[in-house]
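Participant: Build the full structure now, drawing on both the sequences and the hints.
Just so you know, the sequences run in chain order Z and G. When we follow numbering that gives the first Met the number 0, the leftmost residue of the first sequence carries the number 0, and every step to the right adds one. When we follow numbering that gives the first Met the number 0, the leftmost residue of the second sequence carries the number 0, and every step to the right adds one.
Heads up, some of the hints might be wrong.
Stated by the list, open to error - Restricting the straight-line Cα-Cα distance to at most 30 Å, the calculated cross-link-like pairs of lysine-lysine (BS3-like) are:
| hint | chain 1 | residue 1 | chain 2 | residue 2 |
| --- | --- | --- | --- | --- |
| 1 | Z | Lys213 | G | Lys248 |
| 2 | G | Lys11 | Z | Lys213 |
| 3 | G | Lys214 | Z | Lys213 |
Bear in mind the hints are in silico, worked out from the structure with no lab data behind them.
Below are the chains, spelled out letter by letter.
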Amino acid sequence: MMEKMIFGRYVPAESVIHRMDPRSKLLIVFLFVCVVFIANNFWTYTLLAIYTFGMVGFSTISPRFLYAGLKPVLWLVIFTLILHVFFTKEGELILDLGLIKIYEEGLRQGIFISLRFFLLILMTSLLTLTTTPIEITDGLENLLNPLKKIKFPVHELALMMSISLRFIPTLMQETDKIMKAQIARGVEFSSGPIKERVQAVVPLLIPLFISSFKRAEELAIAMEARGYRGGEGRTKYRQLSWTSRDTVMIIVLALMSVLLFLLRD
Amino acid sequence: MNKALVSINNVKYKYPGQEVYALSNISFDIFEGEWLAIVGHNGSGKSTLAKLLNGLQFPEEGTIFVDDLKLNEDTVWDVRKKIGMVFQNPDNQFVGTTVKDDVAFGLENHGIPRETMVERVEDSLKKVKMESFLDQEPHHLSGGQKQRVAIAGILALRPDIIILDEATSMLDPRGREEVLETVRKLKNEARITVISITHDLEEAAKADRIIVMNKGELFREGIPEEIFQMEEELIKLGLDIPFPVKMNKQLRQRGIQVSKHYLTEEELVAELWTSYLKT
Chain Z
0 MMEKMIFGRY VPAESVIHRM DPRSKLLIVF LFVCVVFIAN NFWTYTLLAI YTFGMVGFST
60 ISPRFLYAGL KPVLWLVIFT LILHVFFTKE GELILDLGLI KIYEEGLRQG IFISLRFFLL
120 ILMTSLLTLT TTPIEITDGL ENLLNPLKKI KFPVHELALM MSISLRFIPT LMQETDKIMK
180 AQIARGVEFS SGPIKERVQA VVPLLIPLFI SSFKRAEELA IAMEARGYRG GEGRTKYRQL
240 SWTSRDTVMI IVLALMSVLL FLLRD
Chain G
0 MNKALVSINN VKYKYPGQEV YALSNISFDI FEGEWLAIVG HNGSGKSTLA KLLNGLQFPE
60 EGTIFVDDLK LNEDTVWDVR KKIGMVFQNP DNQFVGTTVK DDVAFGLENH GIPRETMVER
120 VEDSLKKVKM ESFLDQEPHH LSGGQKQRVA IAGILALRPD IIILDEATSM LDPRGREEVL
180 ETVRKLKNEA RITVISITHD LEEAAKADRI IVMNKGELFR EGIPEEIFQM EEELIKLGLD
240 IPFPVKMNKQ LRQRGIQVSK HYLTEEELVA ELWTSYLKT
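Facilitator: Following this line, the structure appears as structure tokens:
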């Protein structure tokens, strides 16, 4: 089940989208989230859909993979659709089945809102699918840099994120090890009544917590020994490079937004 | 001998909230280009000593000079540039998400310009033979490889001294040999002074000089041959003497004379299999 979820997973490839600067991708997703709300009729939604599917096309991520990965979320989209179709009672009545009455406005809104929802999910998944987590971190750090003026701990946050990312696989391995050790001692993780299974998590979490604290302390000492003393006066090894491709992509989105404004009712 | 690179004078240290001194009246010098092993049982104060050398803790009394710099709050950052430390757990000192990011971490901290960083990262990874792992993530590396990356991260800062704080104790025999071989090569080629803190006397046997610590005090100091003469005392301190030394003793008890004290298995074996020819 976890293998199928594509939310937050990175798929390596050499596409145009993959090679974009993480900052421009973040900006585009952010703008897109705002712009989506401009659309309110058939043409504007068509335009948004064309844009989104265009981006998916450029990313060279196979649609079948996307579909398989987004399937669980699709249910949510369909649920939104049904909710709107059944409960919005405006406009002309188009179907009357006695108990269930479907109105024109309900159908229209249902389709639009679920489409909006779907496009948003698609765009944000596209970001994480084509950008490594560390690139996203670097991009965010760079974009949030102006906030340093108001004493917002941008560097610290970015470092926290990158260290968390670095330790996810390590902690996974550790969880696996502890789980095996506890299974060997007779703890059952995958059978028995729910209550017992929840209780079985305790002997898994406590050793994991203790060792994480120990790791954190050792890591802090190691970092200090290597000369870490906060973000001040630090240089960066990983570099972001904004190219004309990024500028073009932003302009395309801006143009589309203008068009959306012109086309909306 | 060469000039003293580090000199420790009458150092005393006690952990906050504890009665017993973790270190008391320690004085010794560390010379340029030597391999010094500091051995001792758990709680003998050997790791505390390492932390003092790198300014992770400051002594209560006494002074430490590193390359003529007196170690204190103001000089600690310069001293840390001269002394690199490799710790015990390979995972808990790997900061970067990839090998090259981790090597660059120390350079970033010291504000080295990016162009220099790129050169130094590649250069130091070459020195530890990890250059083909540039983009690897830490969980795909073995313990020995991670420790070699940690060494590369230190080398990138061009240090004078490397401290191995039990750096091989969590590794399998192959990983241990990999790491020690790398350090030995660096010591010979780059003239780096090595301080290895260990309870593995086999490892210490290959050092130029050994310091034995016990209960926070300097118990004995000498070249490996001298130190291993006092077998009984070492065992009393909870240290396990190396196999060839034990073997020597057993042979002597059975009336087989071995010409000298051997510290490595190879040497001992070489004498034994040729001894029959001589008689």
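Participant: Are the hints correct? Go through all of them and say.
Facilitator: Against the structure, the hints come out as follows:
1. Distance check on the hinted pair: Z:Lys213 and G:Lys248 sit about 42 Å apart at the alpha-carbon level, beyond 30 Å; violated.
2. A threshold of 30 Å between alpha carbons decides the hint, and for G:Lys11 with Z:Lys213 the separation of about 27 Å falls inside it, so the pair holds.
3. For the given pair, G:Lys214 sits about 25 Å from Z:Lys213 by alpha-carbon distance, which is consistent with the 30 Å threshold.
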